[in-house]
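Enquirer: Chain by chain, the residues run as shown.
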Amino acid sequence: MVYHLRVNRETTHLTTDVLIIGAGAAGMSAAIAAHDSGARVMLIDRSLIGRGGATVMAQMTVAAALGDEVADDWRCHFADTIKAGRGLCDEELASLVCEQAPAAIRQMDEWRIGWARHQDGRLRQAEAPGHDRPRCVYVDFLNTGPAVSRTLRTQVQRRPAIVRIGELSIVDLVIADGMACGAVGFSVTEGRTVTIAAKSVILCTGGLTRLYACNSASVNMGGDGYALGLRAGAELIDMEFVQFFPIGHLAPRMIGMDPIMWDPFRYKLGGQLLNAEGREFIGDYDRIEEGHYRATRDVATYAILKEVAAGRGSPHGGVYLSFRHVGADKLRAAFGPVIDRLQANGIDLTREPIEVAPIAHYHMGGLRVDAALETRIANLFAAGETVGGANGANRLSGNAISEALVFGTAAGLKAATRAHGQRGRAWSEVAAQETIALIGGGEMKRANPASLIARLQILMDERVGPLRSEAGLSIARAEIGAMKKEIGDTPPPVQSEFDSMRLDWFDLRNMLFVAESVVLAALARRESRGAHQREDHPDADSRWLVHQTIRLDNGRLVLDALARKHDAMWETAE
Amino acid sequence: MKRVATLIVRRGAPAEGVSWSRYDVAYEPGQSVLDALRRIRVDEDPTLAFRFSCINANACKECLMLVDGKVVYACTARLQSREMRLEPLPNKAHIRDLVTDIAPPDERLSNARNR
Chain L
1 MVYHLRVNRE
11 TTHLTTDVLI
21 IGAGAAGMSA
31 AIAAHDSGAR
41 VMLIDRSLIG
51 RGGATVMAQM
61 TVAAALGDEV
71 ADDWRCHFAD
81 TIKAGRGLCD
91 EELASLVCEQ
101 APAAIRQMDE
111 WRIGWARHQD
121 GRLRQAEAPG
131 HDRPRCVYVD
141 FLNTGPAVSR
151 TLRTQVQRRP
161 AIVRIGELSI
171 VDLVIADGMA
181 CGAVGFSVTE
191 GRTVTIAAKS
201 VILCTGGLTR
211 LYACNSASVN
221 MGGDGYALGL
231 RAGAELIDME
241 FVQFFPIGHL
251 APRMIGMDPI
261 MWDPFRYKLG
271 GQLLNAEGRE
281 FIGDYDRIEE
291 GHYRATRDVA
301 TYAILKEVAA
311 GRGSPHGGVY
321 LSFRHVGADK
331 LRAAFGPVID
341 RLQANGIDLT
351 REPIEVAPIA
361 HYHMGGLRVD
371 AALETRIANL
381 FAAGETVGGA
391 NGANRLSGNA
401 ISEALVFGTA
411 AGLKAATRAH
421 GQRGRAWSEV
431 AAQETIALIG
441 GGEMKRANPA
451 SLIARLQILM
461 DERVGPLRSE
471 AGLSIARAEI
481 GAMKKEIGDT
491 PPPVQSEFDS
501 MRLDWFDLRN
511 MLFVAESVVL
521 AALARRESRG
531 AHQREDHPDA
541 DSRWLVHQTI
551 RLDNGRLVLD
561 ALARKHDAMW
571 ETAE
Chain A
1 MKRVATLIVR
11 RGAPAEGVSW
21 SRYDVAYEPG
31 QSVLDALRRI
41 RVDEDPTLAF
51 RFSCINANAC
61 KECLMLVDGK
71 VVYACTARLQ
81 SREMRLEPLP
91 NKAHIRDLVT
101 DIAPPDERLS
111 NARNR
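Residue numbers (my numbering), protein chains in the order written: chain L, 1 to 574; chain A, 1 to 115.
These are calculated hints, taken from the structure and not from any lab test. Here the structure is a predicted model, which means the values were calculated and not measured. C-beta atoms are modelled at their ideal positions from N, C-alpha and C, and glycine is treated no differently. Be aware that one or more of the hints could be misleading.
[Said to hold, decoys possible] Facing chain L, from chain A, some residues (calculated, C-beta under 7 Å): (1) Ala57; (2) Ala59; (3) Leu64; (4) Thr100.
[Stated by the list, open to error] Listed next, with one range per pair, are the computed distances between beta-carbon atoms: (5) A:Gln80 - L:Arg564: 54 to 60 Å; (6) A:Ala26 - L:Ser469: 32 to 38 Å; (7) A:Asn91 - L:Thr490: 36 to 42 Å; (8) L:Ala426 - A:Ser19: 45 to 51 Å; (9) A:Gly69 - L:Asp36: 46 to 52 Å; (10) L:Ser474 - A:Asn91: 30 to 36 Å; (11) A:Asp101 - L:Ala116: 34 to 40 Å; (12) L:Lys306 - A:Gln80: 36 to 42 Å; (13) A:Glu83 - L:Gly121: 55 to 61 Å; (14) L:Asp348 - A:Leu89: 33 to 39 Å; (15) L:Thr490 - A:Glu83: 35 to 41 Å; (16) A:Gly69 - L:Ala426: 51 to 57 Å.
Please model the complete structure; the sequences and the hints are all you need to start from.
Expert: Here it is as structure tokens:
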């Protein structure tokens, strides 16, 4: 293929007060909050605004102690969150989520999101696994994430001063004198380099589920924010804790549907999780479900994989989920048009069970921040899934959108305050130079970055999935090292507009770096806790009630142990 | 004999004139056209450009294209064991291969540059 080199080589320079990278629920909430505090805001995304990311994919529920369904208190939500986190939640961050979530849900209601309601006007709240009472609001049918996205997008659009730029991929942040002062990236469609001067920066790029072949995320969830933060000098925390969603769709083949859609089915209808013998098996590993849906994600994932390993799995390597006992009328009443979409895929829930298996879903780890969502680099903030620590070793169902809304708003307010103050650092062309050179340079490669991404995803599934061992993790570490050499230090040269190969190279650069962080932390943690299960160290060990942080030191990743801030609450929850 | 799906894909950018690439991919029942396109990039041709974000969930709505002359989502169009002709959307500005400019005008870099 011969390309005509018509790609624009000019650099565009833009200026703002608050730069927000990532336009999911966290990014859009941050943009609204920062704008309403009087700051100039720029909201950018490497995909189209509001289309990529995790929010739009969230079909499930949002946890908040509203007390609409039954009496509730945010402290009860907090206690459940801490308990699910297996002793490793950052309690300041977790309490921020639980205390502020009701206000965030009411705000979304005022913005007409369309939460499902009872006839008397109270919001409907479903009981999700790990919660002590019905606490999770939702939008029918399977429409929670798209509704959150659409509602926030409308609010952002009603604030025309917010500058929105899609298809802009950030390659690195610009740090001068230890302070964030902007970012450098390139336009995906045009190829041109873009520099952005900002008084504060908020990373809202979501998690790292794209590292895994079987995942429930969008293509832009390759851990960009973690890599950007690390290279900028911030620390990561709890990187070994990757949440697998236990009942991802496996078979029969289904298209045009989200693989995590079976969770809302279970909230409303119970359903039975069965092994090849037709027996409900979760009780062998945890408390008995009896047609209800109680087991937390870490427990359910572990139980399913153990059943498969014992030879009691389904034909495609998962287990069965059955709604045969529910009845056609009840199914139709609960999920309306979704039943027709299933039928178009040849799936009749009244006749056959479907097959489900764990898929990568969410990352508990992320950037280490203080209670104001700021990293150790001044003026660099994080929000949403990019933040590590709030969920400890296992996230409670329903807390992801809550944290995106709450952290987004809090970080937006703080970043705006910072931008008004004197503590800013002016744009530094010198500090930006290395990244500008990286984007502008390039050499022809033999390696196909799309193939390497696929190879990394299979490696992570096989060696760094929910069940881990020193041997498997060591193989993963060596393989990641080899792949780093294969992609080299420079991208393929700019050849065309919408240059997918180049985009893949920059994605892979971040993905390998983040994968290495997960492996490093997982190797060091010689115990099993929450989402991190070591076959060679199968028990939890109280000496491991510590966090692990990761920083970059002279090009190498360095792991440190970090004591918990609190332990009283966890001990009570036990 | 292994069954094959053949994708005939419109390539290049507006200034380059029309060219076509032909890809034979193993046909597996139940797969989507998007599955086949993603596999082509991994196994054969990483330069092939098309839009997608959510991977088969039909949530992002980015993978609209012409398949055999009809506007469809590549993620919900079933792959078939025959020749299928893929082209970019006809009513949007063409960028390259199957990619068109579907971004809202006020969310483009050019708009931010002019503010």
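Enquirer: The structure should be examined with respect to each hint, and the outcome stated for every one.
Expert: Hints versus structure:
no.	hint	verdict
1	Ala57	holds, 4 Å
2	Ala59	holds, 5 Å
3	Leu64	violated, 12 Å
4	Thr100	violated, 10 Å
5	A:Gln80 - L:Arg564: 54 to 60 Å	holds, 56 Å
6	A:Ala26 - L:Ser469: 32 to 38 Å	holds, 33 Å
7	A:Asn91 - L:Thr490: 36 to 42 Å	holds, 38 Å
8	L:Ala426 - A:Ser19: 45 to 51 Å	holds, 48 Å
9	A:Gly69 - L:Asp36: 46 to 52 Å	holds, 48 Å
10	L:Ser474 - A:Asn91: 30 to 36 Å	violated, 53 Å
11	A:Asp101 - L:Ala116: 34 to 40 Å	holds, 37 Å
12	L:Lys306 - A:Gln80: 36 to 42 Å	holds, 39 Å
13	A:Glu83 - L:Gly121: 55 to 61 Å	holds, 56 Å
14	L:Asp348 - A:Leu89: 33 to 39 Å	holds, 35 Å
15	L:Thr490 - A:Glu83: 35 to 41 Å	holds, 39 Å
16	A:Gly69 - L:Ala426: 51 to 57 Å	holds, 55 Å
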